[in-house]
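Trainee: Can you build the whole structure from these sequences, using the hints too?
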Amino acid sequence: MNTYQHQKILNPIIVVLFFFMAGLMTCFSPNLANAAGKTILVSAEGLADPQADIYQNDKGKLLDALRQDAKRQVIEKAVGSYVESSTLVENYALIHDKILTRTKGLIKRVIKESPPWKGEDGFMHMLLKAEVYLSSIKDSLQVMSKTERLSLLKDYGNPKISVAITIRDAKRGSRVAPERSDVAENILKERFAKFGYRVWSEDAGQLDAQTADRTMPKNQSNATTLATHIKTSDFSIRGEVKFKSLTATLQASGLTITKYVLTSWTIKCINNYTSEEVYFNNTIPRNKSWSDEDAAMDDIGKLIGEQFSKGFFEDHLMRTSKIFQLEIFGLPDYDTGTLFKKEMIGLRPVMNVDFRNFDAQGLSFYEIDFAGTRGNFTDIINDTVIKPLNRKFGKDVFKLVSARGDVVRVDFHTTHKIDDLPGKFNKTLPASLSEATPERIENLARTEATMTQVARINPEAVQQLSQKGNKIAEKALAAVNDF
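With the working numbering applied, the sequence shown corresponds to residues 5 to 487, in that order.
In short, the hints are calculated from the structure, not lab data. None of the values given here were measured: they were computed from a predicted structure. Every residue, glycine too, gets a C-beta built ideally from N, C-alpha and C. Any given hint could be a false lead.
Claimed, not checked - Derived lysine to any residue pairs resembling SDA-like cross-links, with alpha carbons at most 20 Å apart: (1) Lys193 with Ala181; (2) Lys428 with Thr456; (3) Lys42 with Trp121; (4) Lys428 with Thr441; (5) Lys326 with Val282; (6) Lys314 with Arg360; (7) Lys164 with Ile274; (8) Lys292 with Leu307; (9) Lys63 with Trp121; (10) Lys272 with Glu183; (11) Lys248 with Asp173.
Claimed, not checked - Across the chosen pairs, the derived CB separations fall in these ranges: (12) Arg242 with Asp303: 17 to 25 Å; (13) Lys108 with Tyr283: 36 to 44 Å; (14) Gln72 with Ser268: 56 to 64 Å; (15) Glu310 with Glu183: 21 to 29 Å; (16) Pro336 with Ala453: 30 to 38 Å; (17) Lys403 with Tyr283: 32 to 40 Å; (18) Asp57 with Pro336: 19 to 27 Å; (19) Gln471 with Leu404: 43 to 51 Å; (20) Asp303 with Asp400: 54 to 62 Å; (21) Arg360 with Gln72: 41 to 49 Å; (22) Lys431 with Asp143: 40 to 48 Å.
Mentor: Spelled out as structure tokens, the structure:
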């Protein structure tokens, strides 16, 4: 491989690594901690067609267009936190006019942008990471008229919560099975019902999971159990309380008095869509004793309920994204792994990507910040990540093997030689364009040659442009159809 070829391969890789270091530094920014819940970090890839006539005499316009596209992709991804991807595409013109044109008012700051580079695919590229005012985006969607909104906002509904509180006698030890406390559970259910939430039975979910475990192969039981929890409740609150009785005899009267005191308690709340323990507490309430067990459990139910406000569940349920681990088997070298990361940055539902570990003989790991919904996570990953990547390659080189909890497994298999893979990644158009809206494509593809390239991976969008009278799109479709 000569020096020129080596440089062409390394150029996007160096940019991605440069971009990764910039993202790493933001992890230590105190401003981001203070802005939690109000802003969101988003990474995106901007594109521009350097062959367009408008840029030939003014390279400054080219860089401005490149940067503007990157910022719009940042906003589009942030909007995707509240709007389904398919809905965003269907109503792109409306959302564009109301929100996407307001990059100055919605982007708090640009954290880092990569140096622009011209790819072997013919496009100019730029990676950009920005902090976006999340509340402003939601407000912009909310202020649309009822007709305009067209149910754009994701319908999360009221949270469904399951409760299971068990009690143990400290003197009996761990060999005695704990008992469920209906008293404490009912107190919690009553509190959550006042919030307008639906309270689900933990027993039903456990029974369904046990039934599924008996009827499914062992290697599928974990996924089945998770799916069962998803169907039954959004959150599971579980607690275990240990008591011991203290007895004292009054010398004056000879009366024997028994008090029940806490020796330990453990309370946790699990988000059943991410399997994350979003709350954990084992701090024992002090100076608490009761004359009988029922009074104790009544009070315990109230104490546990005080740990959870209405906003607690809504904040966790309305999180704009989820973190999952992507495991890829079959990446032949580190450079290919870095080029894959660059492709992921461009995809609409991928907010951020961290390339954690590489193994040419096994699994390579990526941490993905994903703006998905609470629906069928496997279908969402397949439709918005795997299919666009396969369209880029023109064949099914990526295969979704499993999605269990917050771990997604993908196999990569290609007949290309290792030395040819960088060229395949760099010379073909970004996978993001296979899912791009007609409006974005019209703005990017200013020449027939570029539009023809796009038509090969996203014929539907180019067809829509052709039907609207776009002459470049008409010629591009004809070129593809006649090839």
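Trainee: Determine for every hint whether it applies to the structure shown.
Mentor: Outcome of the hint check:
1. Lys193 with Ala181: violated, 24 Å
2. Lys428 with Thr456: holds, 18 Å
3. Lys42 with Trp121: violated, 33 Å
4. Lys428 with Thr441: violated, 24 Å
5. Lys326 with Val282: Status holds; Cα separation ~13 Å.
6. Lys314 with Arg360: violated, 36 Å
7. Lys164 with Ile274: Given pair Lys164, Ile274 holds - Cα atoms ~12 Å apart, limit 20 Å.
8. Lys292 with Leu307: holds, 11 Å
9. Lys63 with Trp121: holds, 13 Å
10. Lys272 with Glu183: Judged against 20 Å, a Cα distance of about 18 Å means the pair holds.
11. Lys248 with Asp173: Distance ~6 Å between Lys248 and Asp173 Cα, so the pair holds.
12. Arg242 with Asp303: 17 to 25 Å: holds, 19 Å
13. Lys108 with Tyr283: 36 to 44 Å: Taking Cβ atoms as reference, Lys108 and Tyr283 lie about 38 Å apart, which means the hint holds.
14. Gln72 with Ser268: 56 to 64 Å: Given a distance of about 58 Å, which is inside 56 to 64 Å, the answer is holds.
15. Glu310 with Glu183: 21 to 29 Å: Hint holds: Cβ distance 23 Å, inside 21 to 29 Å.
16. Pro336 with Ala453: 30 to 38 Å: 31 Å Cβ-Cβ, so the 30 to 38 Å window holds.
17. Lys403 with Tyr283: 32 to 40 Å: The hint (32 to 40 Å, Cβ to Cβ) holds, given that Lys403 and Tyr283 are roughly 37 Å apart.
18. Asp57 with Pro336: 19 to 27 Å: The hint (19 to 27 Å, Cβ to Cβ) is violated, given that Asp57 and Pro336 are roughly 41 Å apart.
19. Gln471 with Leu404: 43 to 51 Å: Since the Cβ atoms of Gln471 and Leu404 sit about 33 Å apart, the hinted range of 43 to 51 Å is violated.
20. Asp303 with Asp400: 54 to 62 Å: Holds, since Asp303 and Asp400 (Cβ atoms, about 60 Å apart) stay within the stated range.
21. Arg360 with Gln72: 41 to 49 Å: With Cβ atoms ~32 Å apart, the hint is violated.
22. Lys431 with Asp143: 40 to 48 Å: With Cβ atoms ~42 Å apart, the hint holds.
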